[in-house]
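Peer 1: If you read the sequences in order, they're chains A and B. Using our numbering, read the first sequence as starting at 1 and increasing by one per residue. Using our numbering, read the second sequence as starting at 1 and increasing by one per residue.
One or more of the hints may lead you astray.
Since the list gives no way to pick out one identical chain from another, each pair is judged satisfied if it fits inside one copy or across any two copies.
What the hints assert, rightly or not - Straight-line alpha carbon distances no greater than 27 angstroms define the calculated DSSO-like cross-link-like pairs of lysine-lysine that follow:
# : residue 1 : residue 2
1 : Lys181    : Lys252
2 : Lys179    : Lys216
3 : Lys6      : Lys174
These are calculated hints, taken from the structure and not from any lab test.
Number of protein chains: 2
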Amino acid sequence: MHIKGKTIFFDTPPVIAGHAGVAGKKEGEGPLAQDFDAIFEDTTMGQQSYELAESAMLHDAIIRALSDANVSPSEVDFVLSGDLLDQCMGSSFALKDLEIPSIGLYGACSTMALSLSVGSMLIDGGASCVVAGTSSHFCSSERQFRFPLEYGGQRPPSAQWTVTGAGSAVLAQKGSGVKIKAIQIGTITDLGIKDANNMGAAMAPAASRTISDFLKDTNTQPQDYDMILTGDLGYTGSELLYELMQQDYKIKLNGYHKDCGMLIYDLKEQDVNSGGSGCGCSASVLCSHILKNMEQGKLKKVLFVATGALMSPTSNKQGNTIPGIAHAVLLER
Amino acid sequence: MHIKGKTIFFDTPPVIAGHAGVAGKKEGEGPLAQDFDAIFEDTTMGQQSYELAESAMLHDAIIRALSDANVSPSEVDFVLSGDLLDQCMGSSFALKDLEIPSIGLYGACSTMALSLSVGSMLIDGGASCVVAGTSSHFCSSERQFRFPLEYGGQRPPSAQWTVTGAGSAVLAQKGSGVKIKAIQIGTITDLGIKDANNMGAAMAPAASRTISDFLKDTNTQPQDYDMILTGDLGYTGSELLYELMQQDYKIKLNGYHKDCGMLIYDLKEQDVNSGGSGCGCSASVLCSHILKNMEQGKLKKVLFVATGALMSPTSNKQGNTIPGIAHAVLLER
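So here's chain A without its partners, still in its complex pose (with noise of 0.2 angstroms):
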């Protein structure tokens, strides 16, 4: 690898030689069902508590990547994982029968992309495989971050809904998919936004500052892409992300840009305010969708971007703000 500014480029770019995203019943319902690898019409999984839902989700996405690469847990040199719960018990759990050596990763919803990045270093550095993957659920995120389900409360309009589904990849030195050019690891960014019902505009800073970088190190272009996507900004932050671009960069983001919280539901049907959040909303919707695409020859050029709010119900309560960081990961067919 070289670095160029914040910017890593591989001479030599790893390979995503097997993908899967899979969802729950409401992300079945909406835009993308066709292209889930497995829609979970009970989402408790066969669980006794959502937290395990979440972890056999995440396991059933790892396990469908690996079958999709043909490589079996053995021949996995690192699996990258973390998630939004507390302690990434997610992941913990999820991983703790694949007998693979596990490096931990906290990102929040960024995990997606930062999983790809890391592994794509690690890869270049000489391992042979990695598999990277995260997860959410909307039932355990609402417990451990709002309120208990019962409670049914209420929600602004620049809310968010937690994405049920995860997504995984496996990384290789060579094959013929989808190749990771280049990655940018984001720098924390916190414009004193505190309000954890607008994570979009948390978040929205960081998008900005990485995409910016990322353009600019690349000395590319918004149009030079076949999309930007970012992970899941909503409608709120997506509005903000392209007043940011034209404000402090004088670029012009609006029609090059998608994000994966606005592709997975029907933002004007499914009653998900200003979209879909959390690990397994960009996890689900690049692992499935976009890189189905992209084998597809629909899509060549995307620079994937997921951003992560580093906020805990306690740091929100204490009053402090909610620092964003956004990865970048370059893909091309």
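Add chain B to chain A, keeping to what the hints say.
Peer 2: This is chain B only, laid out in the frame that chain A set:
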């Protein structure tokens, strides 16, 4: 790097160019007092919450490590950090003003070994400078994992005392410091322990597995090391580790092994039951006492194996087991 078994060997070993370990009042009254780079009598660090106090301590350790390495934040490619708190808020708030691309990790108490391991692979892969670090704070841990301090809960003899402290190391491609010759990323290991007051027992199986795998891959025996150093098994966990190593692998570890959780406190005088614990335990001991002893030639070859208990208060209350993990770092002077 090249991989043999589960161990990653570096042909050009990354170097620890700078390091710092800082600690709180109680730790400053223990046997390692003279080696800490700073001892904070006021462990609130002047902050409004224990969580922000922990962040301030980690921030301090990172700045000291950078200063020791004579490196400015703008010269660092990545900072790798995580902690025990919900959504790793200790690290997020510690790093947010440093303006360094941030890779969030989750490894519970194994985080110092995890950050050094991943950091070493990134340096080996082409990064020029990375910072690794982690922290814990007695008061934030008690509140998030056990009881409010005011409750004055009783502790069983197997319980440990969360260290108030932080440690950080700066890794570079070359220099005259201690070298990282090899690392091993651990595999999640779960023998079914459910007692959150006996973390040592939950983590000992992972330690035993990683140490035996490492000895096998390197074709070495415990006597080939000046010290095999675990993170925070404490007295109970260390005794269990000796038993498991003897029983499962016919390896006598007793006599060659030390544990940061037993080094940091006077177990007879300081009322810490089984010893110290927390991410900051191994981080503060390794990044002060151990690395200083290595630089002074008192220790030449240390196998650092930090263990993590991958539990959350939620997983524990739901009756789940406590999966453990242990990552290894071979340090040589």
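Peer 1: Compare the structure with each hint and give your call.
Peer 2: Here is what the structure says about each hint:
Taking the shortest alpha-carbon separations for lysine 181 and lysine 252, only the intra-copy value of 24 angstroms comes in at or below 27 angstroms, while the best inter-copy value is 48 angstroms. In this assembly of identical chains, lysine 179 and lysine 216 lie within 27 angstroms of each other by CA distance solely inside one copy; the values are 21 angstroms within and 36 angstroms between copies. Taking the shortest Cα distances, lysine 6 and lysine 174 sit within 27 angstroms of each other both inside one copy (25 angstroms) and across copies (22 angstroms).
Violation of the numbered hints given earlier is absent; every hint is satisfied by the structure.
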